[in-house]
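So the protein lines, in turn, are chains A and B. The first sequence begins at 1 in this note's numbering and counts up one residue at a time. The second sequence begins at 1 in this note's numbering and counts up one residue at a time.
Quick caveat, the hints were computed from the structure, so don't treat them as lab data. Here the structure is a predicted model, which means the values were calculated and not measured. There may be inaccurate statements among the hints.
Note: identical chains are not told apart, hence a pair may lie in one copy or across any two.
Claimed, not checked - Dumping the calculated SDA-like pairs for lysine to any residue here, alpha-carbon to alpha-carbon at most 20 Å:
1) Lys308 <-> Leu263
2) Lys189 <-> Ala118
3) Lys246 <-> Leu266
4) Lys288 <-> Glu215
5) Lys308 <-> Leu266
6) Lys258 <-> Glu311
7) Lys308 <-> Asp264
8) Lys288 <-> Asn49
9) Lys308 <-> Leu212
10) Lys81 <-> Arg93
11) Lys308 <-> Ala209
12) Lys189 <-> Lys246
13) Lys4 <-> Ala72
14) Lys308 <-> Asp235
15) Lys144 <-> Thr68
16) Lys258 <-> Glu180
17) Lys286 <-> Gly205
18) Lys308 <-> Glu215
19) Lys144 <-> Trp95
20) Lys144 <-> Glu185
21) Lys253 <-> Asp264
22) Lys258 <-> Ala310
23) Lys258 <-> Asp65
24) Lys253 <-> Lys286
25) Lys308 <-> Asp268
26) Lys308 <-> Asn267
27) Lys258 <-> Ala209
28) Lys308 <-> Asn99
29) Lys81 <-> Glu185
There are 2 protein chains.
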Amino acid sequence: MSAKPSILIVGAGAIGSFYGAILKRAGCAVSVVMRSEYDAVVANGIQINSELGELSYRPDHVYRDGDTPESAPDYLILCVKVLPGVDRAAMIRPWMGDNTRIVLIENGLDIERELADAFPANPVTSCLAFIAASRVAPGVVDHKAYGRLVMGSFPSGIDSETRALADLFIEGGIKIDLTEEVVGERWRKCLWNTPFNPLSVLANGADTATILDTEGGADLIRELIREVMAVAAADGYPMDENLIEKNIAGTRKMPPYKNSMALDYLNDRPIELDAVIGNVVAIAQKHKVSVPHLNTVLVTLRMRERLKQAESA
Amino acid sequence: MSAKPSILIVGAGAIGSFYGAILKRAGCAVSVVMRSEYDAVVANGIQINSELGELSYRPDHVYRDGDTPESAPDYLILCVKVLPGVDRAAMIRPWMGDNTRIVLIENGLDIERELADAFPANPVTSCLAFIAASRVAPGVVDHKAYGRLVMGSFPSGIDSETRALADLFIEGGIKIDLTEEVVGERWRKCLWNTPFNPLSVLANGADTATILDTEGGADLIRELIREVMAVAAADGYPMDENLIEKNIAGTRKMPPYKNSMALDYLNDRPIELDAVIGNVVAIAQKHKVSVPHLNTVLVTLRMRERLKQAESA
């Protein structure tokens with residue numbers, strides 16, 4: 001049995017703490033970089049409440065910003081939100097070694113490029129998380145449901161280190177879908193997230209039923225999905241037109257649901273506007289695809305952010 | 001000198017109280033139908049603070065809903081907001097006589113048809129008010145600026161009774177612009193109101209500077225104005241393309257400004273969604289004009305209204 005690789009989680013919120021626990025259970029050395037909850041985690045470790053069994057753990061090292069790492073990790077897993085003003089490349093630079101692989105478990109589209117450009121010699125594995133988990137106290141995470149990761153090498157393919165990491169996640173107890181086209185998978189996830197998430201914020205935190213049952217609501221969602229599809233196709237990722245009605249029918253079958261962006265908004269946390277819709281509109285402009293519905297939603301949300309900043313200044 | 005006509009103001013808020021005062025000063029008998037502020041007005045009359053001079057008055061009659069009028073007025077001036085669930089025809093029916101003329105001093109587009117249809121024998125005069133006034137206490141109105149009315153007979157022309165009423169307003173001290181095409185004037189006012197008002201609500205009460213200075217904001221306003229223009233043209237009221245840049249440049253010159261719909265929203269009062277944007281989108285659909293930006297704004301605001309109703313239920 002060869003030694004298990006070392007892992008460093010940067011941004012150990014609910015998602016990062018959970019996947020760190022999975023890799024810890026698989027036998028890896030797992031360290032974390034904490035911001036606000038450093039003291040709690042040094043004192044008590046990370047507690048995970050989950051139906052997957054015992055997952056609570058003491059990280060091998062608990063670091064803070066500004067600390068000097070003992071050694072560079074084999075895999076640096078980045079789980080911070082993608083927000084304007086958050087320089088993710090600067091955030092991970094102190095922890096990167098020559099052979100450190102960057103692993104993203106983050107939402108949105110076109111979020112890899114910035115890091116691939118900043119660290120051209122370090123390969124990138126990109127993951128989409130399908131999980132319901134939330135932090136309930138400093139260092140304490142409730143894992144509510146799911147946990148599957150869709151993962152692949154960026155920009156495409158599945159290299160041996162991506163595969164090795166996938167095996168560790170599976171060993172730790174979660175389901176992995178490897179993909180040769182992780183960017184295409186991101187587009188597919190955007191088909192739902194890009195219409196529903198920002199719209200629910202704009203409608204002051206409306207749930208899925210409110211969105212779909214409003215006069216004109218389902219048609220607006222159709223138009224938004226159609227625009228995302230047109231941009232994806234122009235970007236090289238065509239999708240089946242049937243997905244529009246499948247997405248809507250699937251959403252109608254779920255109980256009324258407030259998505260994570262709506263919850264962020266209602267709890268006055270920053271929202272991942274660029275990752276979820278801004279980058280889609282930027283790619284549309286690059287390919288000269290007309291996206292009037294998406295653009296109206298994006299610009300109006302930007303107005304709101306601007307107003308909020310002005311009022312809190 | 002012939003006897004001055006009798007006036008009944010239905011919806012004597014800031015606007016109705018002010019224009020009633022003007023006609024009172026011109027020598028008319030002016031009565032009012034009050035809802036919430038009946039007692040205060042019976043006790044103290046209506047107080048108007050204005051640079052136009054003494055305008056406070058005691059109405060000839062102060063009525064409540066359900067009262068029986070002594071006689072039908074020559075002019076019934078309707079100043080209520082145009083809101084879903086407010087049946088304006090039912091509201092004025094008890095006060096209408098065979099020879100009563102309906103006068104609307106109300107915002108929005110396509111707001112006359114409902115009343116013209118309900119009272120086919122009674123002619124309609126339609127007015128757009130350019131005024132800054134607000135109610136500061138029961139029966140007390142601050143008139144801050146302006147007061148000009150643009151008025152004409154509905155659907156077009158200027159008949160003798162519209163002209164007679166205009167003369168009375170002028171005699172009372174305000175500026176009147178008579179128009180042969182009052183519907184065209186409503187479209188012209190919509191060029192500003194339809195883009196800016198609902199967008200400011202959607203952006204949580206953003207002022208004009210926030211709207212125009214946001215990345216993509218001025219372009220979004222341009223698209224919205226262009227769509228309003230396309231609908232107006234399809235409806236028989238073409239306008240000069242130059243008005244787009246004129247509207248934006250004029251807005252930039254004003255101090256940052258929160259429009260009345262934004263203020264209604266921020267003060268948790270109902271907003272005139274259909275009159276200001278819903279009717280524009282309905283007319284677009286009738287003429288098969290594509291209005292994706294307007295539609296996104298409208299449907300998202302409807303989602304918000306639906307959410308609000310559900311939460312207050």
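A quick look at each hint next to the structure:
{"no.": "1", "hint": "Lys308 <-> Leu263", "in the structure": "both (17 Å within a copy, 17 Å between copies)"}
{"no.": "2", "hint": "Lys189 <-> Ala118", "in the structure": "neither (25 Å within a copy, 51 Å between copies)"}
{"no.": "3", "hint": "Lys246 <-> Leu266", "in the structure": "neither (28 Å within a copy, 38 Å between copies)"}
{"no.": "4", "hint": "Lys288 <-> Glu215", "in the structure": "between (30 Å within a copy, 18 Å between copies)"}
{"no.": "5", "hint": "Lys308 <-> Leu266", "in the structure": "both (13 Å within a copy, 14 Å between copies)"}
{"no.": "6", "hint": "Lys258 <-> Glu311", "in the structure": "between (26 Å within a copy, 14 Å between copies)"}
{"no.": "7", "hint": "Lys308 <-> Asp264", "in the structure": "both (14 Å within a copy, 19 Å between copies)"}
{"no.": "8", "hint": "Lys288 <-> Asn49", "in the structure": "neither (47 Å within a copy, 55 Å between copies)"}
{"no.": "9", "hint": "Lys308 <-> Leu212", "in the structure": "between (28 Å within a copy, 15 Å between copies)"}
{"no.": "10", "hint": "Lys81 <-> Arg93", "in the structure": "within (17 Å within a copy, 59 Å between copies)"}
{"no.": "11", "hint": "Lys308 <-> Ala209", "in the structure": "between (27 Å within a copy, 14 Å between copies)"}
{"no.": "12", "hint": "Lys189 <-> Lys246", "in the structure": "within (13 Å within a copy, 42 Å between copies)"}
{"no.": "13", "hint": "Lys4 <-> Ala72", "in the structure": "within (14 Å within a copy, 92 Å between copies)"}
{"no.": "14", "hint": "Lys308 <-> Asp235", "in the structure": "neither (33 Å within a copy, 39 Å between copies)"}
{"no.": "15", "hint": "Lys144 <-> Thr68", "in the structure": "neither (34 Å within a copy, 64 Å between copies)"}
{"no.": "16", "hint": "Lys258 <-> Glu180", "in the structure": "neither (31 Å within a copy, 51 Å between copies)"}
{"no.": "17", "hint": "Lys286 <-> Gly205", "in the structure": "neither (31 Å within a copy, 32 Å between copies)"}
{"no.": "18", "hint": "Lys308 <-> Glu215", "in the structure": "between (29 Å within a copy, 15 Å between copies)"}
{"no.": "19", "hint": "Lys144 <-> Trp95", "in the structure": "neither (31 Å within a copy, 62 Å between copies)"}
{"no.": "20", "hint": "Lys144 <-> Glu185", "in the structure": "neither (24 Å within a copy, 58 Å between copies)"}
{"no.": "21", "hint": "Lys253 <-> Asp264", "in the structure": "neither (24 Å within a copy, 36 Å between copies)"}
{"no.": "22", "hint": "Lys258 <-> Ala310", "in the structure": "between (27 Å within a copy, 15 Å between copies)"}
{"no.": "23", "hint": "Lys258 <-> Asp65", "in the structure": "neither (33 Å within a copy, 43 Å between copies)"}
{"no.": "24", "hint": "Lys253 <-> Lys286", "in the structure": "neither (36 Å within a copy, 33 Å between copies)"}
{"no.": "25", "hint": "Lys308 <-> Asp268", "in the structure": "both (10 Å within a copy, 19 Å between copies)"}
{"no.": "26", "hint": "Lys308 <-> Asn267", "in the structure": "both (14 Å within a copy, 18 Å between copies)"}
{"no.": "27", "hint": "Lys258 <-> Ala209", "in the structure": "within (9 Å within a copy, 32 Å between copies)"}
{"no.": "28", "hint": "Lys308 <-> Asn99", "in the structure": "neither (42 Å within a copy, 53 Å between copies)"}
{"no.": "29", "hint": "Lys81 <-> Glu185", "in the structure": "within (19 Å within a copy, 49 Å between copies)"}
Hints 2, 3, 8, 14, 15, 16, 17, 19, 20, 21, 23, 24, 28 from the earlier list are contradicted by this structure; the remaining hints agree with it.
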